[in-house]
Amino acid sequence: MCKRILVIDDEESIRKSFVLAFEGAGYTVDTADSGEKGIEMGQRDKYGLIFLDLKMPGMDGIEVLRELRKTDKDTPIYVVTAFYREFLNQLKRAKEGGIDFEVLRKPVDSEQLILIVRGILEGPEVCYV
Amino acid sequence: MYRFRLYIAGRTPRHEKIIKDLRKLLEGTLGSRYSLQIIDVIEMPESASNDNIWVTPTLLKTFPLPLRKVIGDLTKGDKVLIGLGLMGVDKRKNKLDKGRK
Numbered sequence: 001m002c003k004r005i006l007v008i009d010d011e012e013s014i015r016k017s018f019v020l021a022f023e024g025a026g027y028t029v030d031t032a033d034s035g036e037k038g039i040e041m042g043q044r045d046k047y048g049l050i051f052l053d054l055k056m057p058g059m060d061g062i063e064v065l066r067e068l069r070k071t072d073k074d075t076p077i078y079v080v081t082a083f084y085r086e087f088l089n090q091l092k093r094a095k096e097g098g099i100d101f102e103v104l105r106k107p108v109d110s111e112q113l114i115l116i117v118r119g120i121l122e123g124p125e126v127c128y129v
Numbered sequence: 001m002y003r004f005r006l007y008i009a010g011r012t013p014r015h016e017k018i019i020k021d022l023r024k025l026l027e028g029t030l031g032s033r034y035s036l037q038i039i040d041v042i043e044m045p046e047s048a049s050n051d052n053i054w055v056t057p058t059l060l061k062t063f064p065l066p067l068r069k070v071i072g073d074l075t076k077g078d079k080v081l082i083g084l085g086l087m088g089v090d091k092r093k094n095k096l097d098k099g100r101k
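So the sequences go chain by chain: D and F.
Start counting the first sequence at 1; every next residue gets the next number (the working numbering).
Start counting the second sequence at 1; every next residue gets the next number (the working numbering).
Keep in mind that the hints were calculated from the coordinates and are not lab data.
On a predicted model such as this, the values are computed, not experimentally measured, just so you know.
Wrong hints could be hidden among the right ones.
Residues from chain F that face chain D, not an exhaustive set, calculated with beta carbons under 10 Å [said to hold, decoys possible]:
#	residue
1	G10
2	E27
3	P45
4	W54
5	L84
6	G88
7	V89
Beta carbons: idealized from backbone N, C-alpha and C, even for Gly.
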């Protein structure tokens, strides 16, 4: 499986924390600071895993997810969001449209990020956090 | 009786395959000595919060203790069993034990 990861998030500090965690664990990471740029990169290059912020200015995570899934049905896409009903309700639109995704609770630390990536790209992981 | 909860986001064909594969894996390992509850985080975020679930899919063993959480690619059966601490469990064990009593 491809070990290249794409992170789509408008917040620079979040993008940097993802890059720091993944590159430290030996993975290649690309970042996009907007939904539009993320779609362009996701459709142009092949990734093993995509992390997508739900709330972004301009195109939000749902719109980006929908666009990415038009051309790529298989790459695991983790929508990063708080696990509150008000946020998760927005994902019902995608769910009811049959769009495939997973969710990752915000905030997330570097240990959790590495567990997910290893769990997806190299087989399941036991987690104690 | 072993008890598991599977936390997922939505119910796409891929999720259905994860559920089907897990049931087959647990059935092959534990026979009928298990229950698997499916919880959609999108519909039941409070339940995810109570179990401190932070990513989907997560397979949680709630009984017997200790709790075990396995995340990531749940289609890799052997690694899932190792993660759950079930590698080497004999699905006939209960039947044999009952037979002796």
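Q.
Tell me the numbers of any earlier hints that the structure contravenes, in ascending order.
A. Hints 2, 6 and 7 are the ones this structure does not satisfy, whereas the remaining hints hold.
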